[in-house]
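Asker: So you can see what is in the structure, the chains are spelled out below.
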Amino acid sequence: MINPFEIIETIKMIQDENLDIRTITMGISLRDCCHSDTETTCRKIYDKITRLSSKLVKTGEDIENEFGIPIINKRISVTPISLVAESCDTNDYVKFARTLEKAADTVGVNFIGGFSALVHKGYTPGDQKLINSIPEALATTGKVCSSVNVATTRAGINMDAVREMGQVIKQAAQLTADKGGLACAKLVVFSNAPEDNPFMAGAFHGIGEPECVINVGVSGPGVVKCAIEKIPDADFGILAETIKNIAFKITRMGQLVAQEASRRLGVPFGIVDLSLAPTPAIGDSVAHILEEMGLEKCGTHGTTAALALLNDAVKKGGTMATSYVGGLSGAFIPVSEDAGMIDAVKSGALSLEKLEAMTCICSVGLDMIAVPGSASAETISAIIADEVAIGVINNKTTAVRIIPVPGKDIGDVVEFGGLLGSGPVMAVSKFKSDAFIKRGGRIPAPIHAARN
Amino acid sequence: MRAVLTVIGTDRVGIIAGVSNILANSNINILDISQTIMQGIFTMIMVIDASNMSIGFHELGEILDGKGQELGVSIRIQREEIFNSMHRI
Numbered sequence: 001m002i003n004p005f006e007i008i009e010t011i012k013m014i015q016d017e018n019l020d021i022r023t024i025t026m027g028i029s030l031r032d033c034c035h036s037d038t039e040t041t042c043r044k045i046y047d048k049i050t051r052l053s054s055k056l057v058k059t060g061e062d063i064e065n066e067f068g069i070p071i072i073n074k075r076i077s078v079t080p081i082s083l084v085a086e087s088c089d090t091n092d093y094v095k096f097a098r099t100l101e102k103a104a105d106t107v108g109v110n111f112i113g114g115f116s117a118l119v120h121k122g123y124t125p126g127d128q129k130l131i132n133s134i135p136e137a138l139a140t141t142g143k144v145c146s147s148v149n150v151a152t153t154r155a156g157i158n159m160d161a162v163r164e165m166g167q168v169i170k171q172a173a174q175l176t177a178d179k180g181g182l183a184c185a186k187l188v189v190f191s192n193a194p195e196d197n198p199f200m201a202g203a204f205h206g207i208g209e210p211e212c213v214i215n216v217g218v219s220g221p222g223v224v225k226c227a228i229e230k231i232p233d234a235d236f237g238i239l240a241e242t243i244k245n246i247a248f249k250i251t252r253m254g255q256l257v258a259q260e261a262s263r264r265l266g267v268p269f270g271i272v273d274l275s276l277a278p279t280p281a282i283g284d285s286v287a288h289i290l291e292e293m294g295l296e297k298c299g300t301h302g303t304t305a306a307l308a309l310l311n312d313a314v315k316k317g318g319t320m321a322t323s324y325v326g327g328l329s330g331a332f333i334p335v336s337e338d339a340g341m342i343d344a345v346k347s348g349a350l351s352l353e354k355l356e357a358m359t360c361i362c363s364v365g366l367d368m369i370a371v372p373g374s375a376s377a378e379t380i381s382a383i384i385a386d387e388v389a390i391g392v393i394n395n396k397t398t399a400v401r402i403i404p405v406p407g408k409d410i411g412d413v414v415e416f417g418g419l420l421g422s423g424p425v426m427a428v429s430k431f432k433s434d435a436f437i438k439r440g441g442r443i444p445a446p447i448h449a450a451r452n
Numbered sequence: 453m454r455a456v457l458t459v460i461g462t463d464r465v466g467i468i469a470g471v472s473n474i475l476a477n478s479n480i481n482i483l484d485i486s487q488t489i490m491q492g493i494f495t496m497i498m499v500i501d502a503s504n505m506s507i508g509f510h511e512l513g514e515i516l517d518g519k520g521q522e523l524g525v526s527i528r529i530q531r532e533e534i535f536n537s538m539h540r541i
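Protein chains in written order, with my numbering: chain H, 1 to 452; chain S, 453 to 541.
Simulated from the structure, these hints should not be mistaken for lab results. All residues carry an ideal CB built from backbone N, CA and C; glycine is no exception. Please note: incorrect hints may appear among the correct ones.
[Unchecked claim] So the derived label-pair ranges between C-beta atoms look like this: (1) S:Ile-493 / H:Arg-98: 27 to 35 Å; (2) S:Asp-463 / H:Pro-70: 25 to 33 Å; (3) H:Phe-236 / S:Ala-476: 33 to 41 Å; (4) H:Asn-245 / S:Arg-454: 21 to 29 Å; (5) H:Glu-9 / S:Arg-454: 46 to 54 Å; (6) H:Thr-50 / S:Gly-461: 40 to 48 Å; (7) H:Val-413 / S:Ile-493: 33 to 41 Å; (8) H:Asn-245 / S:Glu-522: 37 to 45 Å.
[Stated by the list, open to error] Taking lysine-lysine pairs in the DSS-like style, the calculated list, with each CA pair at most 30 Å apart, reads: (9) H:Lys-438 / H:Lys-346; (10) H:Lys-12 / S:Lys-519; (11) H:Lys-244 / H:Lys-95; (12) H:Lys-58 / H:Lys-95; (13) H:Lys-95 / S:Lys-519.
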C-alpha cells in the first residue's frame, strides 16, 4: 500500500511543480510509400500516417485522464522524407511537406517531424532537392519540422552541407520575416542525430527503426528545482544524489505512460528520452535549477560545472527507471523556451560563447537562439561548424537551431509564441569566417572514429 | 482496476458523504479510507476498486470535480499504477 505522503508528493509534483510528460511521439516508417509518381507517393504517405496514428491523440488524452499526469504534446516522426521522395519524378519537395501537414491536421497532432536528410558524408539527388525545398516548406506549413544531419563522429563533417545550411537558414528567416523568422524555429542542424528522438524540431524516424514505434519524452525542471531548494547547504554529493532520486521518479512516469500507450495502440515501445525540457512558464526552467545550486545568474562562471552535474545525475537516475533509454536524454538549454535563460541573456550574464561551452556537456546544442538579422549566411555556417565539431569530437549529439531575425538587432526581443517562447537577440562575432566556410569539402572523421 | 481518490482542502461537513455517494452511484467499491492533516491542509485519501464501474473514468472525474467545486475542495482521481510506479521498484 502506498502511503499518504507518497501520494501527496506525486500530486504536488504534478500540480505545483509542473511535472508532465512532454511528448508521446509515434515514429512511423514511410519506406513502403516510395513510388515514381509524386501524387501516388503523397497519397500513400497521407494514408499511412493517418491510418497508424488515428488513435494517438485520443489515447494520449485517455491516459492523461486516467493517470492524472498531463501529456503536453502528441506528435509524429517519419522516415526522412529525402529517402521516401527520392524515387519521385519531381524536384519540388514542398508538396511532401504539405502532405505531412495535412496528415498532422487530420489526426490532431501539433508537430510532425521528418522533413529531413542525412548528408553527413554527402548528398544524393533526393537530399539536395529536399534541402533546396526546406525554406519554402517551413514557411508554408505550420506543423512540419525539418532536420539535416551534417556530421557524425564516424564520417566527419560535411562542410558543403554546413555552408549550405547557413544559406537555407537565412532564406527560411527571410520567407517568414513577418513572424520573426519563425520557420528557423522548426529547423535543426545536427551532428550524430539520434534515430529515436521524440522531441521536436529534430525528431525523425531513423532507418534502423521498426515499422511503427512509441517514444516518450519526459520533463520536469520544476520538480528538480523544488527538490534542491530544500537542501540549500548540501554538498555536491548530496546534491547529485537528490537529483538522481527525482530523475528516477520523473522517468518512472515516462516509462508507465510509454508502456500504457504502447499497449493501447498496439505499437511497440521504443525508448524513454530522459530529458529536462523547460518551457517559458515560471517554475519550468533549467536555468533556475543551475541558479538554485548557487549561481547568481545562469551563464556566470561555474555554470558549465553545474550543468555537468545536473545532466549526469539526470541520466543516472533516469537510466535505472526505464527499460530502454534513447533520444537526446539530458538537460535541454533552449534560450527562448526557458524563462531563466531569457532572463540571463537580457541581464548580460549569458552569451553565445558560454552557451557553446555548455553544449559540450548537455544533451543538445545551441537551441532556439535568436541572432541579428544582419548575421551573414557564412557566420551562421561557422556557428554550425563549431557546434557540430563539438559533437563529432566528443562523440555526442549536438544541434543548432538558430534564428537570424530579420530587421532585429542585439537587445531586441522576438516573440515566437506558445512553447517556442520569446528570444532576446544575442550578439554574434563581428569578425568574418567567410574564407573558412568557402573552402568546402569534408573535415575528416577524428582519429577515435577508427575504433574497429 | 484500482484507483486513488484524493481530496485536498478545508475540512467541512459532508465531504465523505458527498464523495461516497457518487462512488456508490457509479458502482465503485471503497477499499480503504484515510484522512489526515498534512502541513495544515486536510487530506483525505480513498483507495477504490473501479473494476465494475458503471460510468467512464473521464465522466467520473468530471462529476467529482463538480462536487469538489461545490464543497470548496480539490478532488482528483488517478489510477493506482502512477503511484506504484513512482514510489515502488
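Asker: With reference to the structure, classify each hint as holding or not holding.
Answerer: Now for the hints, and whether the structure bears them out:
no. : hint                              : in the structure
1   : S:Ile-493 / H:Arg-98: 27 to 35 Å  : violated, 53 Å
2   : S:Asp-463 / H:Pro-70: 25 to 33 Å  : holds, 28 Å
3   : H:Phe-236 / S:Ala-476: 33 to 41 Å : violated, 54 Å
4   : H:Asn-245 / S:Arg-454: 21 to 29 Å : holds, 26 Å
5   : H:Glu-9 / S:Arg-454: 46 to 54 Å   : violated, 19 Å
6   : H:Thr-50 / S:Gly-461: 40 to 48 Å  : holds, 44 Å
7   : H:Val-413 / S:Ile-493: 33 to 41 Å : holds, 40 Å
8   : H:Asn-245 / S:Glu-522: 37 to 45 Å : holds, 38 Å
9   : H:Lys-438 / H:Lys-346             : violated, 34 Å
10  : H:Lys-12 / S:Lys-519              : holds, 21 Å
11  : H:Lys-244 / H:Lys-95              : violated, 46 Å
12  : H:Lys-58 / H:Lys-95               : holds, 28 Å
13  : H:Lys-95 / S:Lys-519              : violated, 51 Å
Violated hints, listed in ascending order, are 1, 3, 5, 9, 11, 13; each of the other numbered hints is respected by the structure.
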